[in-house]
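Chains as they are written, first to last, in the numbering used here: chain X, 1 to 56; chain L, 101 to 196.
What the hints contain is simulated information worked out from the structure, not anything from laboratory work.
Any given hint could turn out to be false.
[What the hints assert, rightly or not] One side of the interface only, derived from the structure: several residues of chain X facing chain L at Cβ under 8 Å:
#, residue
1, L10
2, W15
3, F35
4, P44
5, P50
6, R52
As the structure is a prediction and not an experimental result, all values here were calculated from the model.
Ideal Cβ positions, reconstructed from N, Cα and C, are used throughout, including at glycine.
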Amino acid sequence: QLMAMTPEQLQAWRWEREIDERNRPLTDDELDTMFPEGYKVLPPPSGYMPIRTPGR
Amino acid sequence: MQAARRANVRLPPEVHRILYVRNLPYKITAEEMYDIFGKYGAIRQIRLGSTSDTKGTAYVVYEDIFDAKNACDHLSGFNVCNRYLVVLYYNPNRQF
Chain X
1 QLMAMTPEQL
11 QAWRWEREID
21 ERNRPLTDDE
31 LDTMFPEGYK
41 VLPPPSGYMP
51 IRTPGR
Chain L
101 MQAARRANVR
111 LPPEVHRILY
121 VRNLPYKITA
131 EEMYDIFGKY
141 GAIRQIRLGS
151 TSDTKGTAYV
161 VYEDIFDAKN
171 ACDHLSGFNV
181 CNRYLVVLYY
191 NPNRQF
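Given the sequences, and given the hints that come with them, work out the whole structure.
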């Protein structure tokens, strides 16, 4: 299947994979390891409605 | 934005889902933070500096990397309470 792709398709496929990796869901544990000391989590205010963008 | 996604526009390598924000007013509330940054997409988490050397800075984590890029593009130099926000991408090698 890879062989059947044109170079442009292959490039697009690589980028898609790269973005998927950078955009995968993060767990709280992962987040905790990413930040330096001296920051506290700001809880969302009551009534915060996240804007959901359509899934890719 | 949708068109950009479909066309598989490559994101520059420095683009990250976490934004590092500086020059925030000390007394900013959670409502204001979520109001300013929530406009650009769903927020995973916000961490606000709570010690003397981290006050006025925050990390904002977006659910989607495209939302984070959009927010970074639009909020750099954004004026809040007569201060201009400095918005940078998170960089794991540069722990402030």
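* When the hints from earlier in the document are held up against this structure, which numbers fail? -> Of the numbered hints, just 1 does not hold.
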